[in-house]
Amino acid sequence: MNNSTKMLTAVLLTAVICIAGTYAVAAGGSHQDESTTLNVGGSTTIQPMMVSFQETFEGYAKVSMNVTSGGSSVGANSTINGTLDVGMCSRDLKSSELEQGLVAHIIAKDGVSVIINSSVTGVSSLTLEQIAAIYSGEITNWKDVGGNDKEIAVIAREDGSGTRECFDTVMSSTVSGWKMKSVVSQFASTGAVTNAVTSTPGAIGYVSLGAAEKITSGAYTVAVDGVMPSVETVNDGTYEIQRNLVLATKGPAQGMAALLIAWILSDEGQKIVEESGFIPLS
Amino acid sequence: METDSNGLARKGRISGDGIVRYALTAVASVTVLIIFFIFLFIFLNSTEAISSVGLIEFLTGSVWEPLSGSFGAMPVITGTVLVTIGSIAIALPLGLGAAIFISEVAPANARKVLKPLCEVFAGIPSVVYGFFGLVVLLPLLRAVFPEQLLFGSSWLAGSILLGIMALPTIISVSEDALRAVPLSYREASVAMGATRWETTRKVVVPAAISGISAAAILGIGRAIGETMAVMMVSGNAAIFPDPLWDVFSLVRTITATLALEMPEVVVGSVHYSSLFLLALILMVMVFVVNYAARALVRRTRRRFGGEQAVGRFSLPTMRDVLGAQTAARVRSGTALTVLFAASAMAASLFTGPYLTFGSAAAVTVAAVIVGKVARRLSPAIRQKAAHMSLLAVMALVLALLAVIIGDIVIKGLPAISLEFIFGFPRDGGTSGGIYPALVGTLKLVAGTALIALPLGIASGVYLAEYARDTRATRIIGGALDVLNGTPSVVFGLFGLVAVVGMLLSGLTTGYSLLAGCITLAMMVLPVIIRTTEEAVSAVPHDLREASLAMGATKWQTVARVVLPAALGGIMTGTILSLGRAAGETAPIMFTAAVAFQSSIPGSVLSPVMALPYHLYYLSSEVPGSQTMQYGTALVLLMVVLVMFAAASVIRRRSEKGVRW
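First to last, the protein sequences are chains A and B.
233 is the number that my numbering gives to position 233 of the first sequence; each next residue is one higher, with no gaps.
561 is the number that my numbering gives to position 561 of the second sequence; each next residue is one higher, with no gaps.
The hints are simulated quantities; they were obtained by calculation from the structure and are not laboratory data.
Watch out, some of these pointers could steer you wrong.
From chain A, some residues computed to sit far from chain B (all C-beta separations above 12 Å) [what the hints assert, rightly or not]:
id	residue
1	S43
2	T121
3	G210
4	M228
5	I261
Which residues of chain A face chain B? A few of them, derived with a C-beta cut under 10 Å, are [to be verified]:
id	residue
6	T36
7	N39
8	M49
9	Q54
10	G59
11	A61
12	S64
13	G70
14	G71
15	S73
16	R164
17	V183
18	S189
19	T190
20	E213
Values in this document were obtained by computation on a predicted structure and should not be read as measured data.
Every residue, glycine too, gets a C-beta built ideally from N, C-alpha and C.
Full structure from sequences and hints, please.
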């Protein structure tokens, strides 16, 4: 064989060895022992709180947790097919998901705050009807609800977001036949909506209660029907825009998953729920 | 290879060449298989929508409200088309101008600095571009157009951002193509008395048209397939702009729709399937654009009598039909009409009908006057003017880069500390460090390179040197370009279902580094193959013939003459694709990435943290972490820049070797 051929053979052989080696290492080596790994994933709303749980729970239960995202539905589906042990859903489970064997465990409640850009003055409270009218396009200027003369820039979450579903459900039950108008800027996450509302003059949007509380400048939270969102008002139901945060398991929770859920529902876990900006179960 | 007593090669035994040919064919076939599976995956998942909704209804329906059962994709398709046209209108002139400047106008020393600088654009992750769009671009646009822009997010913002993102691809690949034009062409032109600018315009650029079109196609593919950044700045309302050319309107692209709705959709539902149908439509669009671009190239080649100037059937050019002078008049007439229309459309967004017509007429008349004046000027002055304009373009590109990088550096530097780089995250990411994410990204890039580079370079060499130009190879080429335009979120889903769910399910459940590497490798494969193919094809035949004439075998020629000469272009493709791999979020979000780890995993079957994902996670869900976000972005940028620098050095060394 001449040099070039030798070189090529060497390269190919190396490549084959590398790939085979990777496989061998992966398969036989020190891969994660499944009994001490917990795969949790799904809703991006719950994810930061789950990460906070992880920081304590891993040491407490001597387990290694993997917290991934992808959305509530990805969480539910991956739990159904076994990729995840626990799915995070920022909404109640759908009947199709329950039919496939998922069991729901409510771990917290979440309020949805309505926030308005600071350039709008004179609006500290809105009724549900007014909010519905703003989002359906009937009201287009802030002066029609007691504010200054500024066009309303309507911001929402994407079709299918748990937060949006919660908001839309409340709107639909307030005004029959309610439909969101089409000229609405949509964003994919709490952070993005917060960003947009704080930086767009005349904007209105809705985000999770905890996120709204962390806004330091650029936007403020309005009261809905005179009620400001808080742990108390969500718990006693006076704040109307709220939803459940759910963990899903395939079949009843077992082993490490059961331990995690039980721990989250304990005082220690619920304290972290509150610190994360969500509403602990009373 | 055995030689006889005279030192000449002997024929007629098992040659190394045969083995090589076999090996390369095998590798290329693997690549083709991968491409085929991805297409199959997308197609199979979209059949449900085709049967439930109906293809015509889907394509022509004007209401996209899946949750109420309306699957009219027209507004979303229109959004993609509009934003892409806008981004190409920005990126192509800027990119080509900068490429010509670097290759033809700038002094040789400047080139060493300018080309890597332009490639830095490619290392900026799409999430960071999205930030930049949100924090710098949108307020800027709102300040410049307060009457027209209610939101800031708009078609215009999307096009500008995408245009910037497509720049590095267009600049780098075009520049390689321009540089590859043989010196003899330029010398011949200058010998006949042409100025440098005339040479550039009439000889060099047409000769490089194949590479330039490849650059444009890759750039368009990048723009069409971009998800994160466009989602953050284009507003995402599935409406038609009214009037259609209202660049200040909210729009929604197909990729944004996929990214927004895929995470929350119920797997197996009609909605799920219709999202895949959207992806399929997107790929068809990319295919059409590519086909048109290639047809254009073939015609240009014929006009200039290039080497591969033969086609079986082709439409006669305008020149053949009308004669040179009339054709030129038609060309300028068309250009003026287009100018008038464009000015009218732009003006109509700002004022009423009279001023619109007036300003459009004024612009057109001005263009005619400038044209007439320019023709009177001497070639030397025209060259000066051209070079000045190119310099201005280059300056604009560099200024953009400075603003984006500057934004990241200024806001990210406060976060950087030893603890930040080597510590673990705490308090949900609001304090502590990002060490596991840094390690994870390095592992992802290394793994991706290990898989994609051998596969890609071998396939590219095969396509360029060994494959005959049959329909099959052209189809593969077309498929590669389409794959390049496929949104990253589609790769992520393919990774989730096929790699995590099927391929690796025997070894591990859940996400893993390996799954992420495989998915990323598939995503960057088309770029590597294409740039390798272009680079290898650009090596002049004289070199090959000389080598063969001295008795080398085909493989020896390829390995010792062609490849070293093409190494520069191959490095470009490597740089661009690994930069993309390091900064992508969607593919790893569904296959490998987690938000928090308290220790560095030892096995490739464990998931990892990664810098772009960490950035995305912080920006979406952890309010008040802006400094950490920018710090993460800065570290990611540093990682990518180091990679680029290394590859640049390799490229420069190789280019010193062979110059033709």
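Here's how the hints hold up against the structure:
The claim that S43 (chain A) is not at the interface with chain B is violated, since a C-beta of that chain comes within 12 Å of its own (minimum 9 Å). Under the 12 Å C-beta cut-off, the non-interface status given to T121 (chain A) relative to chain B holds; the minimum distance is some 18 Å. Consistency note on G210 (chain A): stated as away from chain B, yet its beta-carbon is not over 12 Å from all of that chain's, at 8 Å minimum. Every beta carbon of chain B lies more than 12 Å from that of M228 (chain A), the smallest distance being close to 19 Å; the non-interface claim holds.
For I261 (chain A), the condition that its CB be more than 12 Å from all CB atoms of chain B holds, with the nearest at approximately 19 Å. Among the interface hints, the one on T36 (chain A) is violated; its C-beta lies about 12 Å from the nearest C-beta in chain B, farther than the 10 Å criterion. A cut of 10 Å between beta carbons decides the hint on N39 (chain A): the least distance to chain B is about 4 Å, and the hint holds. Interface restraint check: M49 (chain A) against chain B, minimum CB-CB distance 8 Å, threshold 10 Å, status holds.
The closest approach between the C-beta of Q54 (chain A) and any C-beta of chain B is roughly 6 Å, which is under the 10 Å cut-off, so the hint is satisfied. For G59 (chain A), the shortest C-beta to C-beta distance to chain B is roughly 8 Å, which falls under 10 Å, so the interface hint holds. Violation of the interface hint for A61 (chain A) is found here, the shortest Cβ-Cβ separation to chain B being roughly 13 Å, above the 10 Å cut-off. For the restraint placing S64 (chain A) at the interface with chain B, the shortest Cβ-Cβ distance is roughly 8 Å, inside the 10 Å limit, so the hint holds.
Of the supplied interface hints, the one on G70 (chain A) holds, with its beta-carbon coming within about 5 Å of a beta-carbon of chain B, less than 10 Å. Given hint, G71 (chain A) at the interface with chain B, holds; its Cβ is 2 Å from that chain's nearest Cβ, closer than 10 Å. Annotation: S73 (chain A) was flagged as interfacial toward chain B, and the flag holds, the nearest CB pair being 5 Å apart, inside 10 Å. Interface restraint check: R164 (chain A) against chain B, minimum CB-CB distance 9 Å, threshold 10 Å, status holds.
Taken as an interface hint, V183 (chain A) checks out: its beta carbon lies about 6 Å from the nearest beta carbon of chain B, inside 10 Å. For S189 (chain A), the interface hint holds, since its Cβ comes within 10 Å of a Cβ in chain B; the closest pair sits about 3 Å apart. Taking 10 Å as the C-beta cut-off, the interface hint given for T190 (chain A) holds, the closest approach to chain B being about 6 Å. Interface restraint check: E213 (chain A) against chain B, minimum CB-CB distance 9 Å, threshold 10 Å, status holds.
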